[in-house]
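Undergrad: For what it's worth, the working numbering labels the leading residue of the sequence shown as 11, then goes sequentially.
In case anyone wonders, no lab produced these hints; they're calculated from the structure. Positions of the beta carbon are idealized from the N, C-alpha and C atoms, including for glycine. Worth double-checking, as some hints may not be accurate.
Derived Cβ-Cβ restraints for the label pairs, each shown as a range [to be verified]:
hint : residue 1 : residue 2 : range
1    : Val256    : Pro115    : 29 to 35 Å
2    : Arg363    : Arg253    : 18 to 24 Å
3    : Ser179    : Asp73     : 41 to 47 Å
4    : Ala321    : Ala288    : 30 to 36 Å
5    : Gly216    : Gln259    : 19 to 25 Å
6    : Ser179    : Gly123    : 42 to 48 Å
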Amino acid sequence: MTQRTRRISLVLTTGLLIALVLAALRGSYVMQALELKTLDFRFRALHDPARADTSVVIFDVDDLSLDLLRSAVGRWPWPRDVWAMVLQYASAAGARVVAFDITFPDPDLANPGADSAFAAAVASAGFVVHALSFQRVHDSAAVSRLARFREDTAALALLASRFSLPVESLPAGENAFELAQHPVRPVLAGARAAGSVNFTPDPVDGTARRVPLLYQFRGAVFPALGLAAALAADSARLLGCGRAPVWSQSALRLCDVAVPLDRGTMLVNWKGPYRDPARRRETYRIYPVAQILNSFEQLSRGETPEVPLEALRGKVVFVGASGAGLFEARANPFGPAEPGVLIHATVTDNLLRGDFLTRASPPANLAALLLTSLLAAAAVALLSSAAAAGAAGLGIAAAYL
């Protein structure tokens, strides 16, 4: 056997051994965590807010709004006629959808007139998407009976009849829940749609990277808030064919749009953080709620509003909160405590633009694995310097990751 033949044999044997080791480690917790962290790094390094859908905007209950409005409307939670004014301004501007990442589960006993004004504004607008929150019962049967006793059965019937989706092929029990938190019935009744705001962190490290698009509740199927907003904003493209959505582990088909799923959930294609201090910009245009209310007052007085009506025309508006103590911090690739409304806005962005993430196919993964293994083996076998071989091996490993 010639020296060249021996070297080729060494490269192939070493490469095969490396490939077998990598294949064995591929499903391990360490490798999965490493893959997810490299995905996060790619989002941080390569994200470009200029690629975000400019039709998606956010009305933010931020610290500035809380401070400015405290003397006028009181402390949080605000009377619901505040939200009536927000909806009236969005309507006057010609917004396409207003989706609330804020729940209204109880009547406003201190201001019943405010509840009525909000309900009337929701019905008049005709474009409101409300938030639902589903829960599983892990406690005793007595707790379950008590929770069911307090339910508004008429509101639940309304949910099932007006806001559920007829989905084909979704297995019974897939992402199923027993209890639901929903807006009070008068506020819910006038809505265009409703969607779940449940948070589904990645089990490896608790970071938001994927979202179930569908939730089952007592035999009915409901969309995630981001999907509900997209369906309301572009119903002709996503629902107008007359065919029911079809679910599988690998895709959700909405008419001619196939949304790729990863083991039943959608991988979020992040466009950027809630705010990017380094670049002094926002991924989605953020308007403090105080600014919207001031614009409403200015318009009512016949003045030029601070937020021009044209700025909101045709927009999909998410109403969320970033004020201290008002939101549950959600970890995403850009930070450990981002407002959850960013998840819903990004999902809607992905759906409206058809800008999805998919996993590489098994053949592509196998090819990458074998190529990396052979290159690493060649570096070890063909480079005479141990330092050079080690550096080459590390470089190849980094490229593979």
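Undergrad: Each hint should be assessed against the structure and marked as holding or not.
TA: Hint by hint, here is what the structure shows:
Distance hint for Val256 and Pro115: a CB-CB separation of about 32 Å, consistent with the stated range 29 to 35 Å. Taking the beta carbon of each, Arg363 and Arg253 are about 22 Å apart, inside 18 to 24 Å as hinted. A hinted range of 41 to 47 Å holds for the C-beta pair Ser179 and Asp73, which are about 46 Å apart. Restraint check, Ala321 to Ala288: a C-beta distance of roughly 25 Å breaks the suggested window 30 to 36 Å.
Judged by the Cβ atoms, the range 19 to 25 Å given for Gly216 and Gln259 holds: they are separated by roughly 23 Å. With their beta carbons about 47 Å apart, Ser179 and Gly123 fall inside the hinted range of 42 to 48 Å.
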